[in-house]
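**Q** Protein chains in written order, with this note's numbering: chain A, 1 to 170; chain B, 171 to 256.
It is possible that part of the hints are untrue.
What the hints assert, rightly or not - Pairs of lysine to any residue, SDA-like flavour, derived with a Cα cap of 25 angstroms:
| id | chain 1 | residue 1 | chain 2 | residue 2 |
| --- | --- | --- | --- | --- |
| 1 | B | 225 | A | 91 |
| 2 | B | 225 | A | 100 |
| 3 | B | 225 | A | 62 |
| 4 | B | 225 | A | 17 |
| 5 | B | 225 | A | 70 |
| 6 | B | 225 | B | 245 |
| 7 | B | 225 | A | 93 |
| 8 | B | 225 | A | 13 |
| 9 | B | 225 | B | 188 |
| 10 | B | 225 | A | 94 |
| 11 | B | 225 | A | 90 |
| 12 | B | 225 | A | 169 |
| 13 | B | 225 | A | 96 |
| 14 | B | 225 | B | 209 |
Because the hints were derived from the structure by calculation, they are not lab data. Since we're looking at a predicted model, the values are computed, not measured.
Each chain, letter by letter, is given below.
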Amino acid sequence: MSAAAKTRPTDLAATFEDDRYSWTRRRSVRRAGVVGEAVLVGALALAALAAGHGLLGSGVFAVVWVVGLVLFIPLHSVVNLGVRGLHDRRETTLDEVQRTQRDRSTAATHWPRLLLSLLAVLVAVQTATSTDGAGGASGGTAAFSVGFVLWFASWLTSTWHLAWTLPEED
Amino acid sequence: MPKTDDDAVHHRIAVLRAERGASRRDLAEAVGVHPQTIGYLERGEYSPSLVLALKIARYFDLPVEAVFSLDPLPTLSSEVYGRTAR
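Just chain A, with the same shape it has in the complex:
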């Protein structure tokens, strides 16, 4: 592979570097995005718990989840653009500072990610082995949803850390 081909940015990297999205890289926008995602993920978990305890009908629960997951797409796009997609881009499109920033966030969130993943596995095991969960089938769906949210949050933590801690650009 030639040097030029090796360093040519991918379409994904070019999107993350596009100046049209420079507003997403302001620290205030990044942090607002992280808070928004955390609230959204928390709301999904609460909805699942409420459904598991029979406080939320299955129809309402389904609507809340579909709306929440659809809302997550633009919200996460903003957060990911704000951190220039450091977790998603090909290694060769990152320079040494960007790699350091990405690796620092991955290392800083190691234990929270492990804890959330472990909780997700525990919920999954509990769901799989439970024969009479609260609310029967809907209780199983709710437990599965809580497990999914925990796993989802574990996947997001390093991006949240990155978005929260990256210095202001100039």
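The hints should help you fit chain B onto chain A, whose structure is shown.
**A** Same frame as chain A, but now just chain B:
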């Protein structure tokens, strides 16, 4: 980011860039990093790798010790006129 003041690498990147009329983007493209990385270096928020320091020194056609130092570098006025900042 340097862990302590002892880890800080002092440099003349901004002065040399101004002297040569080079933008951050010019320097970044020449040494193969993101323009924001030059900003992080200039603000002392990141200490460069040896490879990057050598590339930057080569861009300015200077020995690496003329651009980077573990000790604070003398100011231009003290170097040229022997005056120190008040």
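**Q** For the pair supplied as a hint, residue 225 of chain B and residue 209 of chain B, is the alpha-carbon distance within the 25 angstroms limit?
**A** Cα-Cα ~16 angstroms, so holds.
**Q** Would you check the hint for residue 225 of chain B and residue 90 of chain A, treating anything up to 25 angstroms between C-alpha atoms as holding?
**A** 23 angstroms, holds
**Q** Hey, residue 225 of chain B versus residue 100 of chain A, does the alpha-carbon distance stay inside 25 angstroms?
**A** This hinted pair holds, its Cα atoms lying about 19 angstroms apart.
**Q** Would you check the hint for residue 225 of chain B and residue 17 of chain A, treating anything up to 25 angstroms between C-alpha atoms as holding?
**A** 23 angstroms, holds
**Q** Taking 25 angstroms as the top limit, are the C-alpha atoms of residue 225 of chain B and residue 169 of chain A close enough?
**A** 23 angstroms, holds
**Q** Is the hinted pair residue 225 of chain B and residue 13 of chain A satisfied, with a Cα-Cα distance of at most 25 angstroms?
**A** The hint holds at about 24 angstroms.
**Q** Is residue 225 of chain B within 25 angstroms of residue 91 of chain A, Cα to Cα?
**A** 20 angstroms, holds
**Q** Regarding the pair residue 225 of chain B and residue 62 of chain A, is the alpha-carbon distance no greater than 25 angstroms?
**A** 56 angstroms, violated
**Q** Hint check: residue 225 of chain B vs residue 94 of chain A, CA-CA at most 25 angstroms. Holds or violated?
**A** Given pair residue 225 of chain B, residue 94 of chain A holds - Cα atoms ~17 angstroms apart, limit 25 angstroms.
**Q** Holds or violated: residue 225 of chain B with residue 93 of chain A, Cα cutoff 25 angstroms?
**A** At roughly 18 angstroms apart (the allowed maximum being 25 angstroms), residue 93 of chain A and residue 225 of chain B satisfy the hint.
**Q** Taking 25 angstroms as the top limit, are the C-alpha atoms of residue 225 of chain B and residue 96 of chain A close enough?
**A** 13 angstroms, holds
**Q** Just to be careful, I want the Cα atoms of residue 225 of chain B and residue 188 of chain B compared with a cutoff of 25 angstroms; is the pair within it?
**A** 18 angstroms, holds
Going through the hint list in order, the structure does not satisfy hints 3 and 5.
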